[in-house]
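**Q** This is what each chain is made of:
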Amino acid sequence: MSSDQASKGSLGHPEKFLLNSSQDEQLEEEAVLPDHNPCSELVRIADNDQQYLSEYENRSSHFSSREPVIDVLSRTSCAICVITSSLILRHPRFRDAWKSQEHLRIGNWLNGYGVYLREHFLGRLQPFHLSMLSQKRAYCEGLGHLPDLKQHMNLSFSEPPHVSFDNSRQLDIGMAQRWLQVCIMSHQGCHGNSQGERLSKPLDLLFIDVEEKRLVRGSSSDIYLALSYVSGGTQKLQTSNDNFGSLQRRGAIGGSDFRLPQLFADAMSLVKSLGFRYLWIE
Amino acid sequence: MGVLLANNFSALCIVQDDITAKHGQIMQMDAIYSQAHLTIVALSSQNSESKLPGVSQGSRSPIRAFAKVDPNYGFASIPPQLGELLDSSVYEERGWTFQERLLSKRCLYLTDFQAYFTCSTLSNPIREDGLTEIFGLGEADRPKWPETQNGTWTWEQGFRNYVWLLQRYTTRKLSYEKDIINAFSGLSAILQHRCGGSFIYGLPESIFDVALLWFPGDNSLVRRQNEITGQTFPSWSWAAWKGKVSYLEYYNLSDNTEDYLGYLNFVIHPEISSFHVEDTSGYRLIDRSAMVNFSGQERPRSTLNFAQDSNQSRSYTSRPILHFQTYSATPIGLSLRRQNFQIWVSGTVGFDLVDTESISHGIFLGSMDWPESFCLNSDMELILLFRNISSPDRSGPNSLPSLTGRKPHLNTSFNPYGYRSSRREDSESESDWKWSLFILMLIEWTGDVAERVGIVMMYEADYLKLQPKVKDIQLI
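Chain order of the listed sequences is A and B.
End of the first sequence = 282 in our numbering, gap-free, step of one.
End of the second sequence = 1476 in our numbering, gap-free, step of one.
Please note: incorrect hints may appear among the correct ones.
Counterexamples of contact, computed for chain A against chain B with all Cβ distances above 12 angstroms [stated by the list, open to error]:
id, residue
1, Ser54
2, Glu55
3, Asp172
4, Tyr229
Straight-line alpha carbon distances no greater than 30 angstroms define the calculated DSS-like cross-link-like pairs of lysine-lysine that follow [what the hints assert, rightly or not]:
id, chain 1, residue 1, chain 2, residue 2
5, A, Lys213, A, Lys201
6, B, Lys1144, A, Lys201
7, A, Lys272, B, Lys1051
8, A, Lys201, A, Lys272
9, B, Lys1173, B, Lys1242
10, B, Lys1144, B, Lys1051
11, A, Lys272, A, Lys213
12, B, Lys1173, B, Lys1144
13, A, Lys213, B, Lys1144
Listing some non-contacts, in silico: residues in chain B with all C-beta distances to chain A over 10 angstroms [claimed, not checked]:
id, residue
14, Cys1107
15, Ser1185
16, Val1470
Calculated directly from the structure, the hints in this document are not laboratory data.
Keep in mind the model is a prediction, meaning the values are calculated, not measured.
Glycine is no exception: its CB is placed at the ideal position from the N, C-alpha and C atoms.
My request is simple: use the sequences and hints to build the entire structure.
**A** Structure representation (structure tokens):
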């Protein structure tokens, strides 16, 4: 794997994301919002901060509106507040969420302040994230909602600017290995197999040896990876008494007599590149 | 050809011909996944022909979109949270994958967007893009396994997990209907190991009578199609039905332990002293040995001995038969009428059990599949499973002390069933409907065996009007 991937943020410290290094400085200097400004008032309203709301009640006569959100909007020059407030005020879905205070959250999100909306739509959770990573930039998630945004905000769409994470690349194996490493090194709770202890003796299992591409006999006390997938597909591939012997020969799995479906072949190559040898596939 | 399992799938690490070994491994699925060092979850893959995203070249495509507000401000899309991906995935709709993910100690999720990592310790997934997730997996999260000193759970603790798992599992799809119990076996093995007792057609043996009280947890619950080669499940097991299955509200898993314990005020007392099950493996007593103590009382142990005639031919069915003895009454002149609101758990549809004068005598827990109005026929009977002792000052053998030491949760505002006894009409006093609430099963006889129709709630006085008699029941 390339070196720039290896140097990316370590586990649990997602300082570096989305923006390339030239923009990181902006992020850091604005990591915390000032206490008394429209942005933080918006946060307090969304958090249903009773102290703030009662303060607001007391002084509301001085303002033209009894609606805290409108009030913030009228006083702010911050683009994030304008966008957030506008969404809340103009978009019925946001407005309902705002009122119910159940699915809309403003707070420390993605290492910055942001708005987060979950809603039920056709039985599925539809995510919408509007995140204020800094006061200079806001990010939203939920591609489905972008047309709405466009309509409401009169936004223009363009290609993303420099982003450090590009999902079209292959999986960063080094990162996956570090995830695993940290868990193995520091998570006591992940060591004990909470269920496996019921086994009085290890279970005999068959594994795919991804090095030698063959079936091997092993047991549940070996170090192996398992694949969990949606079964089905055109190819019917089975180990039976007839082919069991030949599948134990080196190179037999994935060979000409036993072509593997794409998913299994990919899984074998992933196991190998992660540095493991045995794979269990139902 | 396999009898126990569908054998049309690819299967590499299980030798297909070896039915005994194969069945053994299916039953050990909890161990296989929980012992794995890491489980690779092919979350975005539709089947075994799909690519594993991020592994082969060009298997992921950019998904980023960006909207510019002005030279300084803009919106950019970020990959969704893992919980949201799970919610909308085919993977999470399938039966077999349910236990695989839940049993694994570490999972690497490969999706079209990016990779995610979870383990038993972390409450939030780690993402390849380095962003922090703070909302866990939402609905797709693991159940909260009870934490106990010696690692064993009481069935009261385990029951909550059983319900939690079953409610989610039964919404899922199976390619082969007969796999319904097998694809749950890894999870039931955990419950069995922790709480004791085996599982009988999907129901925990130790709390068998409580487990019989399942009902439709969604709009639809239809009989599972029997397959020619498959097992036939008995009507009293949830496995025989297709659709979300749930249990009574006060047993439902609540995030708040106190809330849950509060429901213990609602005390139910089992009526049936012994169950026997008869199937291909013989005729045996169901051992409700666990101290479940929903009622705060030890369970009645078997006192009855059914006259068992081993020579009796069972020509009518090959299905497992459940034998027990309890009160039974014919609901003459009663019909079911759908309520225009849903009760308890969302999706569960209540039906009023009404007489010809439209007076409600009870509540039937149905689903939208039932006709809006339905006349009970003369082959139907209401059999008594549990009593809820509702009045603290009630005397007699049915009176039970509250487990929590508090007074039973019984005041005029406590009426979880949405109906009032028909006798309330002729009564001046509110206290008159502080009677025992009976939990009954509506069954339908065909010859000398009956099938389960559903669960009914009725106040004692209403049930007594039907003049119940003790009867031997054989449920198939």
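**Q** Each hint should be assessed against the structure and marked as holding or not.
**A** Now the hints, each set against the structure:
1. Its beta-carbon lying about 27 angstroms from the closest one in chain B, Ser54(A) satisfies the requirement of being farther than 12 angstroms from that chain.
2. Non-interface status of Glu55(A) relative to chain B is upheld: no Cβ of that chain comes within 12 angstroms, the nearest being about 28 angstroms off.
3. Its beta-carbon lying about 6 angstroms from the closest one in chain B, Asp172(A) breaks the requirement of being farther than 12 angstroms from that chain.
4. For Tyr229(A), the non-interface assignment is contradicted: its Cβ lies about 4 angstroms from the closest Cβ of chain B, within the 12 angstroms cut-off.
5. A C-alpha spacing of about 27 angstroms is found between Lys213(A) and Lys201(A), which places the hinted pair at or below 30 angstroms, so the restraint holds.
6. For the proposed pair Lys1144(B) and Lys201(A), the alpha carbon gap of about 27 angstroms is at most 30 angstroms, so the pair holds.
7. A hinted pair counts as satisfied when its Cα atoms are at most 30 angstroms apart, and Lys272(A) with Lys1051(B) qualifies at roughly 16 angstroms.
8. For the hint pairing Lys201(A) with Lys272(A), the CA-to-CA distance comes to about 28 angstroms; that is within 30 angstroms, so the pair holds.
9. Taking the CA atoms of Lys1173(B) and Lys1242(B), the gap is about 9 angstroms. The hint holds against a cut of 30 angstroms.
10. Simply put, Lys1144(B) and Lys1051(B) have alpha-carbon atoms about 33 angstroms apart, too far for the 30 angstroms limit, and the pair is violated.
11. Proposed proximity of Lys272(A) and Lys213(A) is supported: the alpha carbons are some 11 angstroms apart, at most 30 angstroms.
12. A threshold of 30 angstroms between alpha carbons decides the hint, and for Lys1173(B) with Lys1144(B) the separation of about 24 angstroms falls inside it, so the pair holds.
13. Straight-line distance between C-alpha atoms of Lys213(A) and Lys1144(B) comes to about 39 angstroms, which puts the hinted pair past the 30 angstroms bound.
14. For Cys1107(B), the requirement that its beta carbon stay farther than 10 angstroms from each beta carbon of chain A is not met, with the minimum near 8 angstroms.
15. Against the 10 angstroms criterion, Ser1185(B) stays outside the reach of chain A, whose nearest CB is about 12 angstroms from its own CB.
16. The beta carbon of Val1470(B) sits about 41 angstroms from the closest Cβ of chain A, which is more than 10 angstroms, so the claim that it is off the interface holds.
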